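Participant: Here is what each chain is made of, one letter per residue.
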Amino acid sequence: MSWDVVWGLARAEARLTRRLARYWVFGVLAVLLIVVAYLYYALLHGLFSSYSASVGAINPRYLVAAFGSWGVMIFMLGLLFLGFDVRARDERERIVEVLDSQPCTNLELVAGRFLGILLMGWLPMAAAIVVVEVIGLLGRALEWPIGEPLEPWSIVGFLVTMAIPAFTFTLALVFLVSLLARNRLITALALIVVLVAYFWVFLTRIPIDVASAYDVTGAYTLNFASELVSVFTGRGLVQRAAVLVAGLGLLLLAAAVHPRPDGGQRRTWAAAGSVLLLAGLVTAGLVARQILEVRHRQGAWRAAHEAVRDAPAPDVTAVRGEVRIEPGRSLDLDLELDLEPPAGTALDQALFSLNPGLAVASVTDGAGRDVAFTHRDGLLAVALALAGGSRATLKVRASGVPDAGFAYLDGSRQWSDLSLMEGNVAILGYDSAIFDRRFVALMPDVRWLPAAGANVGRDDPRRPTDFYELDLTVDVPEGWLVAAPGRRREASGAAAGRARYRFAPGAPLPETVLVAAPYERRAVEIAGVELELLLAGGHAGNLEVFAEAGEEIRSWIEERLREAAELGLPYPYDGLTMVEVPATLRGFGGGWRMDTVMAPPGVLLLRESSLPTARFDVRFRDPKDFEDQEGGIVRAKVEVLTTFFENDFNGGNVFLGAARNFFLHQTSAQGPGALALDFVCHDLTNRLVTGQQGFFSAHLFGTSGDLNQAIGNAFTRFFSEPGGSFNEAMQTALTEQPKVWEQALGVALADMDPWEDPGRTVNVLLLKGGAMSRSLLDGLGRERAGALLAALRQRTAGRTFTRDDLVGVAAALEIDLGGVVGDWIDATELPGFVASQPRLYRLPEAADGTPRYQLALTLRNDEAAPGLARLRYVPAGEEEAGGPRNRSRWQESEPLRVGPGEAVEIGLVLSKPVKELRVAPYLALNRGEFTVPLPALDEQKTVDVEPFTGVRPSDWQAADAAAIVVDDLDPGFAVEQDEARTGLRLGARGAEATLDGGLPVGNLFQPPREWSRLGLSEAWGKYRHTLAFVRAGTGNQRAVFAAELPRPGPWRLELHMPPESARRRWKLGTFNVTVHDGADSHELRFAADGAEEGWNLLGELEMPAGEARVTVSDESDGRVVLADAIRWRPLGTAAASEDAAQAEETMDE
Amino acid sequence: MSSPFPTAAPLGGDGAVIVAEGVRKVFKSQRRSLTALAGVDLSIGTGLFGLLGPNGAGKSTLMRIVCTLLEPSAGRVRVLGHDVVKERLAVRKLFGYLPQEFGAWRLQRVEEVLDTLAILSGLRDRPRRRERIREVLESVGLDEVGDRKVKQLSGGMVRRLGVAQALIHEPRILVVDEPTVGLDPEERLRFRQLMARLGQERTIVLSTHIVADLGSGCQDLALLDAGEVVYRGSPAALLEAAVGQVFETTVAAHGGEESLGEGVEIVSRAPDGVGVRIRGVAPDGALPAGSTPAAAPTLEEAYLAFMARRGRAHAARREEAAP
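Sequence lines, in order, name chains A and B. For the first sequence, the positions run 1 to 1149 when our numbering is used. For the second sequence, the positions run 1150 to 1472 when our numbering is used.
Source of the hints: derived by calculation from the structure; they are not laboratory data. Warning: the hint list may mix true and false statements.
Among the chain A residues that face chain B by a calculated CB cut under 8 Å, a handful are [claimed, not checked]: (1) ASP4; (2) VAL98; (3) SER101; (4) PRO103; (5) CYS104; (6) PRO261; (7) GLY263.
Derived lysine to any residue pairs resembling SDA-like cross-links, with alpha carbons at most 25 Å apart [claimed, not checked]: (8) LYS1177/B <-> ALA21/A; (9) LYS1300/B <-> ARG852/A; (10) LYS1235/B <-> THR1184/B; (11) LYS1067/A <-> ASP1117/A; (12) LYS1235/B <-> ARG260/A; (13) LYS1298/B <-> ALA21/A; (14) LYS1298/B <-> GLU1287/B; (15) LYS912/A <-> ARG852/A.
Since we're looking at a predicted model, the values are computed, not measured. We put the beta carbon where it would ideally sit given N, CA and C, even for glycine.
With the hints as extra help, turn the sequences into a complete structure.
Facilitator: Pasting the structure below:
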């Protein structure tokens, strides 16, 4: 093959290509997509990464494979429309015979043209990268708020290993099909079908790990870019080579089927092409097979470990020894393990989990005698008999490269279960451990240290957590630093070119992480605890941003540590290391819980995209912005740092992570209710130690739709509801789902089988457990709640505790847990609150002339479980202060405890009248806060009575005995439809997943086409405040309120309407209401647009006894029809008049 | 510097450059088969060689076989000793080919087209390529439009570009198929002159149904009809054979031609006073009454006379009129 000919043709083809309008369409589109995507990421990252550690994940510096893939995909399509003319254009332009008569081979002809188009396809990618890089470099040089230069190796990865194989394969396929079909239209149609089918199968039908083997684009083959680990992986490079080779095979086949007669080498090319294509496919298949083999190995390991899941295992009380790391090559362990049999039992062998990538050289006892052992499938079985109450020491020597596949064997969601569309969880990282020549992360679950028992079921509440003392010396190459539990101390005896560090944290821990790399270090000692920060080179920029707040941050930490110690929960270790890790490192664990693994004992893992690279500089560009802020810029920086982690929803909240050390890493629950106990204790620790709440589970990262919906709901709540962090908004968005409530109401925490639906269990725990810990904190007060945890930790440190332990500790402290939260582990009952109409009037001024206003209302708990609630109110003049996100505009009462079936009257004397009032139950059948309508205040009228402040019992009853109310949540409510809707219904899919009491959950801003349910605090409801609503239609959908009227006679029929403020977003018109009494029907029309808030008269009707059906049609001259609640009230009886009067007086919502 | 062109095999003992032996070409389809060439034997030497014949005679098929674009169903063709089937690339290096229908990439400039085709033809040396492009553009009169895009050229210019591309690598053999189709008279004249000049130093195989295209430079020709060579010899012999078959006469302007009788092929008409001066061919030598034998028949008349003798005068005449 002549290169001159190929190149000459390539140049000609490139010229032709660049003179085609469609080339520029695709080229400009691809460049624009890449640049716009980059700018989008850069903008979001630049402006918002300092608000949330999660937002940092979209740092464009590391995401060229993600946003570049759009350009690659666009140009893959473009190549179709450029390559399909490979022969047709010559025929059309009548140069085909001249070309055919040229003394060149078909291979030269095809290769030349291929190269020309390929080059022109690649150039827009390069151009886009140049544009992006220039923006990034300029942004950095000129300190723009947006713009980050791309990580250099990721550029190479994108342009070389991603784009070239992708384009080669696509273009060669286009050539082959066009030369076979010899018709542009057929070629285009066939290839579009192939492309669509490929992406459909690739994205939705193949497991995420296997899909990467068949990834033509390369977007899923390259690692997240990183300064710590290479963007290239061996497997990834092989996969890209496979795509390239397969593409070249297709090219040779295209040359072989070219209709032009040439030198007769067709068979050679066909054979060579077939071989290359086969080689590419086989190589991709081998990559897939390798992945499947990993999965197979994992399956075998899992089976082996499941078989001994409940086998007795020793209690490891101490781990000592040496760890030598040759990065990328070997891990050598020389360990001593102190063992005890489980309490009250004897063992005839000691069973451990130890990574199968490590070869065990020897196991000896404390006297140095060899002990027989086997090490298969990651199970180290040592023939060591342990009599009850005895102790023994084992010495284990092992070396090798840990197999990352050994971790998280029992994850409730595995890569094999997920397609790419469902694989959002990969955002949280996918490497269970990293043993690279540049970076080492040995996560606990990879079992690089022997751990007692099987490597499955460790979050089984029946299984005790094994706590042990640690004393490790780690030997690493010189210049490397190590993060492991506790303070890092230099150790003697390092060989030339090596460094040795000792870690003996001084308190028990349940697991050990070890992270090592050539880091930069910052450290400070506070209250005897060394806080160390290990960052990758060049990532210390943010430390400078926060330098001036250093003392403030130090004080803040010192205060937290001091307060925790005062509560009896001192930080247990001698050091805490925050260490940067690449985004590829998997940040979530296995089991049903899929909890974060970013906060192992004594160490906090910081994603590279988090604190190290977030754009805090943007936030503090202009110090003048903070001059008026209390505490100035220094205080602002502390607050920014706090909210940065507070708003993390990727499991990287360092406050919550650090709080684990105070309790969860010291002791944990076992036995019935252990899940809830652990959750509540951890959540309570969070609130006590850090003042924060938060929760993480990888179950959040389901399908794109689920994740986007959850984030969307969280944003809606974050911006529409007062106060709170994004994390809190996310929690609320997750837990307010009807399906979560339905499970929470149906199953007691102690009876929950987390494996039935792990994701929902997490949400139920979050819902109920979160409320319980809040109840404990507010109900007991900070000191007593802290004392409870402290006593429990003190009593059970280094081992597990049971519910009885907790009850015993509480009893010793004279804490009535049941009185605060009831039987919250075994029972499903919840309190339910109703409120009277509040009284609001002006009192005589105080002695100093301050105005005084009396606010009083009665709160009744109509259920058999006790509960807590607060009143939340906005004083006059604060309605707009600081905007709706201003937490301070809302004020709260102290928590009010209301016993089962009891009512209390609450009185507040305020200096300003109240403008908004809500009741906020901690956890109740109300499912959330509800608004209490306030009466009009007569400022001119002063009521001279004794002010009432505080809480007193009340005998108020909410019931309106004579009235019959049918709410949209009552059994008497239903919706009817003449016929099922047919035809294409975009967005209808998945509606079943969001049902609330049988109706779809509606969107406030998008009235639905079918009757749906909407939570609205101003709507009618005994506990929950909801209404049904529908977009106005033709009358074929109806809401029906059915009630049983006890006696014949005149009845007053009313319809409840939310206030104008709540319904103004919908354009309401006239509702068509029909009343059926079994024999007769009455047509009524209700002008909803001008209706009053509350009950509105529909009509006074003479009704027989028996069932009365009130039907609200969806036919209306407005845009939306509402069905909230109806009320029947008898007319003409004294009782009715009395009831009516009482009902007017007491608004019980 | 080594020549980019292959060392041609020595000419045959008779000086033949192209030798076709028993060449048959049958196009088969599902419904029928069509014999385009029915056993052609032909030997072509240096100089301008004319391949005449009516449309459908098999000229283009033969040209395509000679140029390696088609494989013969039977027989063989050798070009300077190279077999056109077994040694395609070697044969192609010897050829410059201008097909009957020539176009070029409309979005390329003239020089770019030539540059690309020059590379494909084997001209690897860039300066030499530049020089050749300049030379051939000048020789075909396109030197002023070298930087113009093909889509901006007239039909004649495109045809000349076709000649230029065929000559770009200085081939030993030039094959031109129906080269003047679509050209205006001036361009056709220019083309004939060009062919005559080029024919002095190489073999030119000019396939045409327009006899005038052969011009004076053609010293050897073959007549192809229905896939067979029906005449092989010099134009002079063809002319000589036509003497006595070609006549001149003057007839009345209206209805005069009918008096010439059936079977007579009229070649030209020219007004002559009140009548029309006619030159024609009598198929069997029986000249119309009142006519006189033409002293110097043209090649076109000789071709028509030959075809008339074969009873194919109408076919030949119709094709002649076509342009």
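Participant: A separate judgement is required for each hint: does it hold in the structure or not?
Facilitator: How the hints compare with the structure:
no. : hint                    : verdict
1   : ASP4                    : holds, 5 Å
2   : VAL98                   : holds, 6 Å
3   : SER101                  : holds, 4 Å
4   : PRO103                  : holds, 4 Å
5   : CYS104                  : holds, 5 Å
6   : PRO261                  : holds, 7 Å
7   : GLY263                  : holds, 5 Å
8   : LYS1177/B <-> ALA21/A   : violated, 41 Å
9   : LYS1300/B <-> ARG852/A  : violated, 91 Å
10  : LYS1235/B <-> THR1184/B : holds, 23 Å
11  : LYS1067/A <-> ASP1117/A : holds, 9 Å
12  : LYS1235/B <-> ARG260/A  : holds, 15 Å
13  : LYS1298/B <-> ALA21/A   : holds, 16 Å
14  : LYS1298/B <-> GLU1287/B : holds, 17 Å
15  : LYS912/A <-> ARG852/A   : holds, 7 Å
Violated hints for the displayed structure, listed by number in ascending order: 8, 9.
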